[in-house]
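Now for the letters of each chain:
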Amino acid sequence: MSLVQSIVPFLARRPAPAAELGATVKPQHTLREAPDAWTLTVYLPGVTKENLEVTTEAGALSIVGHRVWQQPKDWTALYRETSSANFAATFEYDLSVDEEKIRAELKDGVLQVTLPKAAALQPRRIAVQ
Amino acid sequence: MHIIRYTYPTARSLAPTTAFQGRSPWAGLESEIDRLFANALGEFSEPAAGNTFPVDLYEDKTNTYVRAELPGVNRDAIHVEMVEDNLSIQASRTQKTGDREEAFAFSRTLSVPENVQADKVSASYENGVLTVTLPKREEAKPKKVSIAVN
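For the record, the sequence lines run as chains U and V. At position 109 of the first sequence (counting the first as 1) the number is 109 in the numbering used here, and the numbers step up by one without a gap. At position 68 of the second sequence (counting the first as 1) the number is 68 in the numbering used here, and the numbers step up by one without a gap.
In short, the hints are calculated from the structure, not lab data. Check the hints yourself; a few may be wrong.
What the hints assert, rightly or not - Incomplete in silico selection of chain U near chain V, CB under 7 Å:
| # | residue |
| --- | --- |
| 1 | Y43 |
| 2 | P45 |
| 3 | D74 |
| 4 | W75 |
| 5 | A77 |
| 6 | R80 |
| 7 | D108 |
| 8 | G109 |
Unchecked claim - Pair ranges (Cβ atoms, derived):
| # | chain 1 | residue 1 | chain 2 | residue 2 | range |
| --- | --- | --- | --- | --- | --- |
| 9 | U | A85 | V | A148 | 48 to 56 Å |
| 10 | V | A38 | U | T114 | 18 to 26 Å |
| 11 | U | L21 | V | E30 | 19 to 27 Å |
| 12 | U | E57 | V | L110 | 39 to 47 Å |
Unchecked claim - Some chain U residues well away from chain V (every beta-carbon gap over 12 Å; in silico):
| # | residue |
| --- | --- |
| 13 | D98 |
| 14 | Q112 |
| 15 | A118 |
| 16 | A119 |
Treat the numbers as computed from the prediction; the structure is a model and nothing was measured. Just so you know, even glycine gets a beta-carbon here, dropped at the ideal spot from N, CA and C.
The following block holds chain U by itself, in its conformation from the complex (with noise of 0.2 Å):
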């Protein structure tokens, strides 16, 4: 790492997956807690399980869909409410969550996310000798 990048961390990061997308818009989502895990709902209309991408990488867990349905040649827009973008978005956590238990599951639009919490944060008993 340059000197120039210790100093301003943002160099060194990687671009955002924006520039290769194109415009790109947030899906809506919420995120729920549990006991045991966290579950993150993301509402993707319109894509499949095969144009979706769930990627972890240094304590964020990033999403991007593609929009499969593309408007047929003789059809005229009269009116839009929808954006033709794909959804991109960025969720970060902590060390809180167990990284290699992250489940995801798409189901008609709707992807689920289950961030289990990591079991050396849960509380436990020490025995006393």
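Using the hints provided, position chain V relative to the given structure of chain U.
Same frame as chain U, but now just chain V:
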């Protein structure tokens, strides 16, 4: 009254030292800038869900199409109705989180062009998107008439 004293970085404070333990002296500034950007750009995220949903209206030569984004809705929980020139879409979603169950209801009524054959409307639901096909009436379809020029 607050007195704020600004100190300019010196060569010593800029040099990466072990005292920072790999943390840059600018780390605080950097996260502050990230926060500012997140606040400013947060506006670009999709509008918050109320009890409505976004729809698109398209047409081609024979049909008018309505595409509605309804992620996570059961097919049985979607009701599509045509009342005169209005198309009404009602849907509900139940969401399970652990042992809790939440229900959301959505409804929307749109006026569609008059020339629709209401009895031949069909709908399909795939990947969280509902597509309603509204066929146009015969007389509404463009007719091609060639006129001889003398």
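Taking the hints in turn, this is what the structure says about them:
no. : hint                       : verdict
1   : Y43                        : holds, 4 Å
2   : P45                        : holds, 4 Å
3   : D74                        : holds, 5 Å
4   : W75                        : holds, 4 Å
5   : A77                        : holds, 5 Å
6   : R80                        : holds, 5 Å
7   : D108                       : holds, 5 Å
8   : G109                       : holds, 2 Å
9   : U:A85 / V:A148: 48 to 56 Å : holds, 50 Å
10  : V:A38 / U:T114: 18 to 26 Å : holds, 25 Å
11  : U:L21 / V:E30: 19 to 27 Å  : holds, 24 Å
12  : U:E57 / V:L110: 39 to 47 Å : holds, 42 Å
13  : D98                        : holds, 17 Å
14  : Q112                       : violated, 9 Å
15  : A118                       : holds, 19 Å
16  : A119                       : holds, 19 Å
Hint check: a violation occurs at hint 14 only; the rest are consistent with the structure.
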